[in-house]
Amino acid sequence: MEFIYYFGDVFTPINFGLLLLGTIGGLILGATPGLSPTMAVALLIPFTFQLEAAQGLILLGAAYTSTVAGGAVSAILLKIPGAPANIATTLDGHAMALKGEGAKALQLSFLSSAVGGVFGVLLLIFLTPVLAQWALAFGPSHLFWLAILGVTVIGSLDSASVVKGLLSGCIGLWLATIGFDDIMGAQRFIFHPSLSGGINIIAALIGLFAIPQVITMFAKGRKNDGTEAIQVQKHPIKSAFSELFRYKRAMGIGTITGSIIGLIPGVGGQIAGLVAYDQSKKFSPDKDKFGTGHPEGLIAAESANNAMVGPSLVPLLTLSIPGSPTAAVLLGGLLIHGIFPGTDLFDNHPDVAWTFINSMLIGQILMCIFGLYVAGMAARVAQVPQSMMAAIVLGLAVFGSYSVQSSMGDVYVMASLGVMMYFLERFGFSAAPLVLGLILGPIAESNFIQGSMIATATDGLAPYFLTGALNLFLIVVVVLSVLYSGYMELRTRRYTSKEEIMG
Amino acid sequence: MSNSSLPRVQHIMGSGVVAAVGATVCYISYTQQPSEAFLFPRLIATVFVVLALWTFVKACLGWTKVGNGLSLTQFSNLAPGLIIALIYIFWAAKGLGFYTATSIAFFILLSLYDPPPHGVLKSWVKRIITTACFMAVMYGLFALLLKVYTPREIFF
Numbered sequence: 001m002e003f004i005y006y007f008g009d010v011f012t013p014i015n016f017g018l019l020l021l022g023t024i025g026g027l028i029l030g031a032t033p034g035l036s037p038t039m040a041v042a043l044l045i046p047f048t049f050q051l052e053a054a055q056g057l058i059l060l061g062a063a064y065t066s067t068v069a070g071g072a073v074s075a076i077l078l079k080i081p082g083a084p085a086n087i088a089t090t091l092d093g094h095a096m097a098l099k100g101e102g103a104k105a106l107q108l109s110f111l112s113s114a115v116g117g118v119f120g121v122l123l124l125i126f127l128t129p130v131l132a133q134w135a136l137a138f139g140p141s142h143l144f145w146l147a148i149l150g151v152t153v154i155g156s157l158d159s160a161s162v163v164k165g166l167l168s169g170c171i172g173l174w175l176a177t178i179g180f181d182d183i184m185g186a187q188r189f190i191f192h193p194s195l196s197g198g199i200n201i202i203a204a205l206i207g208l209f210a211i212p213q214v215i216t217m218f219a220k221g222r223k224n225d226g227t228e229a230i231q232v233q234k235h236p237i238k239s240a241f242s243e244l245f246r247y248k249r250a251m252g253i254g255t256i257t258g259s260i261i262g263l264i265p266g267v268g269g270q271i272a273g274l275v276a277y278d279q280s281k282k283f284s285p286d287k288d289k290f291g292t293g294h295p296e297g298l299i300a301a302e303s304a305n306n307a308m309v310g311p312s313l314v315p316l317l318t319l320s321i322p323g324s325p326t327a328a329v330l331l332g333g334l335l336i337h338g339i340f341p342g343t344d345l346f347d348n349h350p351d352v353a354w355t356f357i358n359s360m361l362i363g364q365i366l367m368c369i370f371g372l373y374v375a376g377m378a379a380r381v382a383q384v385p386q387s388m389m390a391a392i393v394l395g396l397a398v399f400g401s402y403s404v405q406s407s408m409g410d411v412y413v414m415a416s417l418g419v420m421m422y423f424l425e426r427f428g429f430s431a432a433p434l435v436l437g438l439i440l441g442p443i444a445e446s447n448f449i450q451g452s453m454i455a456t457a458t459d460g461l462a463p464y465f466l467t468g469a470l471n472l473f474l475i476v477v478v479v480l481s482v483l484y485s486g487y488m489e490l491r492t493r494r495y496t497s498k499e500e501i502m503g
Numbered sequence: 504m505s506n507s508s509l510p511r512v513q514h515i516m517g518s519g520v521v522a523a524v525g526a527t528v529c530y531i532s533y534t535q536q537p538s539e540a541f542l543f544p545r546l547i548a549t550v551f552v553v554l555a556l557w558t559f560v561k562a563c564l565g566w567t568k569v570g571n572g573l574s575l576t577q578f579s580n581l582a583p584g585l586i587i588a589l590i591y592i593f594w595a596a597k598g599l600g601f602y603t604a605t606s607i608a609f610f611i612l613l614s615l616y617d618p619p620p621h622g623v624l625k626s627w628v629k630r631i632i633t634t635a636c637f638m639a640v641m642y643g644l645f646a647l648l649l650k651v652y653t654p655r656e657i658f659f
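Same order as they appear, the protein sequences are chains A and B.
Mapping to this note's numbering: the first sequence position 154 is 154, numbers consecutive.
Quick note: to get this note's numbering, add 503 to the position in the second sequence (first position is 1).
If you are wondering where the hints come from, they were derived from the structure by calculation, not from laboratory data.
Each hint should be verified, as a subset may be incorrect.
[As the list claims (entries may be wrong)] In silico PhoX-like cross-links for lysine-lysine, where the CA-CA straight-line distance does not exceed 25 Å:
{"id": "1", "chain 1": "A", "residue 1": "Lys79", "chain 2": "A", "residue 2": "Lys99"}
{"id": "2", "chain 1": "A", "residue 1": "Lys99", "chain 2": "A", "residue 2": "Lys238"}
{"id": "3", "chain 1": "A", "residue 1": "Lys223", "chain 2": "A", "residue 2": "Lys238"}
{"id": "4", "chain 1": "A", "residue 1": "Lys223", "chain 2": "B", "residue 2": "Lys568"}
{"id": "5", "chain 1": "A", "residue 1": "Lys223", "chain 2": "A", "residue 2": "Lys99"}
{"id": "6", "chain 1": "A", "residue 1": "Lys289", "chain 2": "A", "residue 2": "Lys99"}
{"id": "7", "chain 1": "B", "residue 1": "Lys561", "chain 2": "A", "residue 2": "Lys220"}
{"id": "8", "chain 1": "A", "residue 1": "Lys287", "chain 2": "A", "residue 2": "Lys99"}
{"id": "9", "chain 1": "A", "residue 1": "Lys220", "chain 2": "A", "residue 2": "Lys99"}
{"id": "10", "chain 1": "A", "residue 1": "Lys79", "chain 2": "A", "residue 2": "Lys223"}
{"id": "11", "chain 1": "A", "residue 1": "Lys220", "chain 2": "B", "residue 2": "Lys625"}
{"id": "12", "chain 1": "A", "residue 1": "Lys79", "chain 2": "A", "residue 2": "Lys220"}
{"id": "13", "chain 1": "B", "residue 1": "Lys629", "chain 2": "A", "residue 2": "Lys220"}
{"id": "14", "chain 1": "A", "residue 1": "Lys289", "chain 2": "A", "residue 2": "Lys238"}
{"id": "15", "chain 1": "B", "residue 1": "Lys650", "chain 2": "A", "residue 2": "Lys220"}
[Unchecked claim] Computed from the model, here is a short list of chain B residues facing chain A with C-beta under 8 Å:
{"id": "16", "residue": "Val512"}
{"id": "17", "residue": "Tyr530"}
{"id": "18", "residue": "Thr534"}
{"id": "19", "residue": "Ser626"}
Glycine is no exception: its CB is placed at the ideal position from the N, C-alpha and C atoms.
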């Protein structure tokens with residue numbers, strides 16, 4: 001119950017102001033198609049340099065929470081999901097808006113997001129300290145395998161091709177080795193002076209997530225999207241509450257599904273929303289109404305994608321393993337303040353850890369309150385032309401990456417990685433495992449070197465890294481995640497070819 | 504070249520570049536000294552080169568299923584914007600000064616990709632006002648709030 005002790009810290013004027021700013025800003029950014037939560041959080045990191053660690057994390061956490069919820073606005077009113085997590089919201093949300101129930105859809109969406117989100121953060125509050133204590137038993141070999149697990153799980157589950165996902169992870173791990181070696185001081189892969197200090201993680205994150213999106217907007221050319229927001233009629237909030245209570249089964253399914261999926265590294269909000277929608281439909285007596293503007297579908301999808309947010313941070317805060325690309329960006333936000341997640345975070349910086357987690361809890365409620373008021377404005381922002389969004393994001397990316405260390409080298413690295421990532425994505429590679437590789441690379445390497453030293457003095461390399469219950473368990477999980485993803489990839493292909501044959 | 508063969512050629516080129524990078528990384532990792540400093544890179548590079556060659560062979564055999572490549576229309580759409588963005592980042596930002604270069608790049612990109620017709624005066628006024636507002640926000644955020652000292656070369 002340590003978290004209660006730090007509850008008051010959220011309400012200091014600066015902390016609460018940042019929480020409000022992150023929540024309202026996140027709602028507007030989330031509603032903007034093309035600005036994913038990961039990219040929004042990455043672009044915000046430079047603004048946290050001058051803040052204290054807890055304050056920076058409050059801003060980033062609030063933005064993460066509310067961009068996921070804000071994405072529902074454009075999904076409902078424009079039929080464009082603001083983020084991948086809102087794909088399932090579009091199915092019934094937009095149909096409701098077309099029937100003149102736009103306000104009701106928005107109210108239900110924010111209310112169910114808040115309920116799911118609060119449950120998810122409570123799970124984060126109660127699971128994290130237990131797992132953090134368990135993490136004390138981890139030695140260098142376990143931490144090495146955990147880092148590799150983080151890369152392989154995201155590489156295999158988050159990518160359409162397992163081989164390309166794993167290859168993306170390898171590219172990230174290699175990029176992490178650029179610069180001076182920590183132990184020998186030797187130069188490694190320094191092909192240009194701007195790489196001598198290694199690749200700055202923040203500049204890399206901005207480049208890898210923002211620049212491909214900018215180029216994608218360029219590639220669409222000079223055309224009008226033709227999207228027009230549906231005007232919303234007033235709807236009493238009281239009846240939205242009673243409707244939410246009426247569909248408590250959908251809410252329960254969405255919340256539980258989202259929380260469980262959030263705990264699995266690599267499986268994002270998009271999957272959470274779609275699985276919850278599907279399960280809710282399966283157990284509903286009104287199956288046929290799904291997809292025609294039925295509130296149950298909307299409630300299940302929205303409660304799931306926000307319930308996923310809290311649990312997705314559990315592996316990050318306990319084991320230093322970011323379970324999602326956005327969690328990886330948050331890890332970057334922690335590292336710039338010299339704070340390492342895991343036991344270090346809870347033993348040495350409990351104020352930072354608990355203020356951040358508590359702020360996410362309060363943020364869910366603020367997101368619900370402000371979401372209902374900001375929705376109209378957010379829908380207007382969502383109609384901003386792609387040309388303007390591309391130019392704005394490019395400007396923010398350049399200024400943001402420069403402000404990290406006041407270095408043009410970081411801007412060049414950001415741009416080079418961004419352009420490279422755009423072309424890699426066109427060939428089926430994925431940014432998420434590459435980022436995970438880049439962030440977990442130093443963790444994997446330092447534990448590998450430390451483990452090698454211990455192994456040399458004891459049993460030898462192979463017994464140290466390949467034996468022991470925990471090592472074997474982690475290796476089995478690595479292998480199983482790759483095999484399972486490979487099997488799913490082959491099965492999907494087999495179905496595709498069947499469909500092709502059947503015409 | 505037919506449209507159907509375009510992604511295959513692109514996949515061969517793309518995976519070929521990745522395989523070449525993998526081979527270079529692998530070569531450097533195994534030849535550079537001190538070997539202790541390259542222990543971890545060797546481990547990574549070995550897996551990297553195996554997966555990269557696998558991807559390359561699959562692309563050559565036409566077995567690649569993921570990734571749509573880049574169509575000619577997409578390329579012609581993105582090329583002007585990308586060129587302007589690269590000139591802005593790699594030359595103008597340092598050469599002209601951050602704020603001047605950003606204003607110019609923002610205005611050109613907006614004009615290039617903005618849907619309203621170029622012949623209408625109102626749309627140009629809107630673009631100029633948008634650029635001015637954006638620059639005011641950037642100056643307020645970075646120069647005044649965050650106190651970031653940006654390169655000021657020829658202009659500002």
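Verification of the supplied hints:
1. Lys79(A) x Lys99(A): Between Lys79(A) and Lys99(A) the Cα gap is close to 13 Å, so the pair holds against 25 Å.
2. Lys99(A) x Lys238(A): Between Lys99(A) and Lys238(A) the Cα gap is close to 20 Å, so the pair holds against 25 Å.
3. Lys223(A) x Lys238(A): Violated, at roughly 42 Å.
4. Lys223(A) x Lys568(B): Not satisfied, since the Cα-Cα distance of roughly 30 Å exceeds 25 Å.
5. Lys223(A) x Lys99(A): Violated - the C-alpha atoms of Lys99(A) and Lys223(A) are around 29 Å apart, more than 25 Å.
6. Lys289(A) x Lys99(A): holds, 13 Å
7. Lys561(B) x Lys220(A): Between Lys561(B) and Lys220(A) the Cα gap is close to 29 Å, so the pair fails against 25 Å, i.e. violated.
8. Lys287(A) x Lys99(A): With Cα atoms ~19 Å apart, Lys287(A) and Lys99(A) stay inside 25 Å; holds.
9. Lys220(A) x Lys99(A): violated, 31 Å
10. Lys79(A) x Lys223(A): Holds, at roughly 18 Å.
11. Lys220(A) x Lys625(B): The hint holds at about 24 Å.
12. Lys79(A) x Lys220(A): holds, 18 Å
13. Lys629(B) x Lys220(A): holds, 22 Å
14. Lys289(A) x Lys238(A): holds, 24 Å
15. Lys650(B) x Lys220(A): Distance ~36 Å between Lys650(B) and Lys220(A) Cα, so the pair is violated.
16. Val512: violated, 12 Å
17. Tyr530: Given a least distance of 11 Å, the restraint on Tyr530(B) is violated.
18. Thr534: violated, 12 Å
19. Ser626: At about 11 Å, which exceeds the 8 Å cut-off, the nearest Cβ of chain A leaves the hint on Ser626(B) violated.
Figure legend: structure checked against the earlier numbered hints; hints not met, in rising order: 3, 4, 5, 7, 9, 15, 16, 17, 18, 19.
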